[in-house]
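> Protein chains in written order, with the numbering used here: chain A, 290 to 414; chain B, 14 to 210.
By construction, these hints were calculated from the structure, which means they are not laboratory data.
Keep in mind that this is a model prediction, so the values were computed, not measured.
Beta carbons: idealized from backbone N, C-alpha and C, even for Gly.
Don't take each hint at face value.
In silico BS3-like pairs for lysine-lysine, Cα to Cα no more than 27 angstroms straight-line [to be verified]:
hint	chain 1	residue 1	chain 2	residue 2
1	B	Lys146	B	Lys180
2	B	Lys146	A	Lys324
3	A	Lys297	B	Lys59
4	A	Lys298	B	Lys55
5	A	Lys314	B	Lys29
6	B	Lys88	A	Lys297
7	A	Lys293	B	Lys146
8	A	Lys297	B	Lys195
9	B	Lys180	A	Lys314
10	B	Lys180	B	Lys59
11	B	Lys195	B	Lys146
12	A	Lys298	B	Lys59
Output of the computed footprint for chain A on chain B, the stretches with three or more beta carbons under 8 angstroms from beta carbons of chain A [what the hints assert, rightly or not]:
hint	region
13	40-51
14	55-63
15	81-88
16	126-140
17	146-153
18	170-180
Far from chain B, by Cβ distances over 10 angstroms, these chain A residues were calculated [claimed, not checked]:
hint	residue
19	Gly296
20	Asp304
21	Leu307
22	Glu331
23	Phe357
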Amino acid sequence: MDEKDFGKKVARTLDWGLSCIEDDKLVRLHAARQKAMAAYREPVKVLGLVTVSGHSLDVSSWLRKPLFWLPVLAIALAVFTYSLNTGGDDDTDDVGELDAKLLTGELPIDAFLDKDFASWVKESS
Amino acid sequence: MATRQEMSDFLASVEKRAFKQAVYAVRQDESALDIVQDAMMKLAEKYADRPNTEFPMLFQRILQNAIRDWFRRQKVRSTWTTLFSSFGSKDDDDDFDILETLRAEDTSNVPVSPAAQLEQSQVLAIIEQCIAKLPGRQREAFMLRYWEEFDVAETAAAMGCSEGSVKTHCSRAVHALAIMLKNQGLTLESVLSPTEN
């Protein structure tokens with residue numbers, strides 16, 4: 290007898306044994322199946338996609354999920370950080386331009402006579 | 014996508030075998046019933062959107078995972094039981110006799126002689142006892158290949174292992190069963206199923 294024959298023969302005996310399961314166990318199994326079917330949710334096809342839900346596509350349920358908000362917050366944080374970094378550039382550019390003009394001597398002579406300018410130079414040095 | 018009726022029909026077709034598989038693994042009827050119920054509920058709740066051709070493999074995977082979870086919980090439970098054994102009374106009955114649970118009652122309507130039926134029920138009890146003694150993976154592979162009639166690829170998918178592993182587990186299971194049955198004085202050549210009488 291080869292492995293397959295052996296396996297089939299054992300399986301046949303086991304099948305026969307199914308008819309010998311006690312009635313109380315059968316009742317419990319039936320009840321378990323009923324309970325499972327009570328938990329069954331009819332799949333719904335939305336836009337060609339199947340979802341396991343008793344309702345149509347429910348956006349509000351997604352809004353309540355914390356995992357939905359994590360990437361949204363991450364994107365918002367990135368945008369905020371980027372705007373912080375680029376927001377002061379105008380001032381930085383003005384100061385840089387002024388420094389460049391100082392060094393290259395492009396500033397008009399009147400700038401050096403300006404008191405505010407003189408105090409600024411003192412502070413920045 | 015399976016219909017409600019297909020789901021119900023599938024569960025009805027597998028519930029008895031699933032119960033038996035769980036009994037062989039955990040050796041307790043009550044726990045086996047709970048395991049089967051959990052597996053059925055999981056399939057119905059989470060996989061209703063799958064085609065019914067996938068149900069056998071999915072259900073077996075869920076069932077085996079549920080059995081493994083049961084063992085993990087038992088391990089944790091027994092650790093605490095051991096720690097507090099000096100304070101409490103004896104817990105589970107360690108003298109559980111699988112033959113008392115699995116001894117076949119003559120409820121069959123198969124038209125065979127009483128003597129043949131008695132012999133068959135004795136053979137069944139011995140086979141079930143031997144199957145329960147197999148290592149978990151060997152038992153799983155054997156049951157899926159020969160009782161659930163999965164092919165090697167389907168068995169591998171259900172067990173989450175390679176096809177080579179399935180063949181190895183099956184081969185070892187068959188050899189182990191043959192030796193155990195021989196030690197019990199039983200060869201399957203001498204076994205007749207009721208339909209062959």
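> Going back to the hint list, which numbers does this structure go against?
2, 3, 4, 6, 9, 10, 12, 15, 17, 18, 19, 20, 21, 22
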